[in-house]
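Trainee: Dock chain B against the given chain A, drawing on the hints supplied.
Chains A and B, in that order, are what the protein sequence lines are. Position 15, counted from 1, in the first sequence is what this note's numbering calls 15; the numbers after and before it change by one each time, with no gaps. Position 90, counted from 1, in the second sequence is what this note's numbering calls 1090; the numbers after and before it change by one each time, with no gaps.
Hints were generated in silico from the structure; no laboratory data involved. Among these hints, one or two may not hold up.
Unchecked claim - What follows is a list of derived Cβ distance ranges for each label pair: (1) Thr1007/B x Asn2/A: 12 to 20 Å; (2) Met1/A x Thr1007/B: 37 to 45 Å; (3) Lys27/A x Thr1007/B: 12 to 20 Å; (4) Thr1007/B x Ser75/A: 32 to 40 Å.
Virtual Cβ for every residue (Gly too), placed ideally from N, Cα, C.
Chain by chain, the residues run as shown.
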Amino acid sequence: MNALSPGPTDTEMFGRVPGEKEGEAIKDVLRTYNPSKRIAEPLEIAKLAVYLASDDSAYVVGADFAIDGGAGAFSQLGG
Amino acid sequence: MANIQKTAIVTGGSQGIGAGVVKAFLDRGYNVVANSRNITKANPFPRKAAQRNSSGVGAELDVEAGRKAARLAAKDLVTDEGVNGSHPERAAVVAFRGPILSRELRPAALSSDGRKKSKLLGTFPVYRRL
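Isolated chain A (complex conformation) (with noise of 0.2 Å):
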């Protein structure tokens, strides 16, 4: 078993918090904020899976992969 940590993602569910005005507006600031200047596409975090799924990662136990564009490492450091 291993683990997917995706940052923000340009899902339909920015459409639904609240709206769809308030989620583009919350995907600005995002893009701003993460050190990669955006957010991922579906396929990005994805195409990891299917990685994972297959023989090629036979030897991946129990890892915890976060694919946030840096987010995530840029907090651990107070940024």
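Mentor: Same frame as chain A, but now just chain B:
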């Protein structure tokens, strides 16, 4: 191409990251069984998604099999029950703070017998800790 006979089970595959996961597996030649709480007669997502995303390598989505598989697997899976339109505040927490907080919570969940804590991991602990 060693993966071509394998089948991936994807819960919550109708949109967002789940839909991306479905597409990624299809693109790599996997068979995919996906489910979603949003499947209705008016919104028969998975079959449409299969047509849209399929790479043409034996990709197939079986809605009923997906539901059965999800029911069987539910006791071991982290679910996203809190992330829906009726709990937007919880969805926001999971989306924006979840990745960091869930990393703190995960070791405890993995060290237990799993069921209760794993089920909670995706929703309540993250919500309550704020």
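Trainee: Quick one: which hint numbers does this structure break? Sort them smallest to largest.
Mentor: 2, 3
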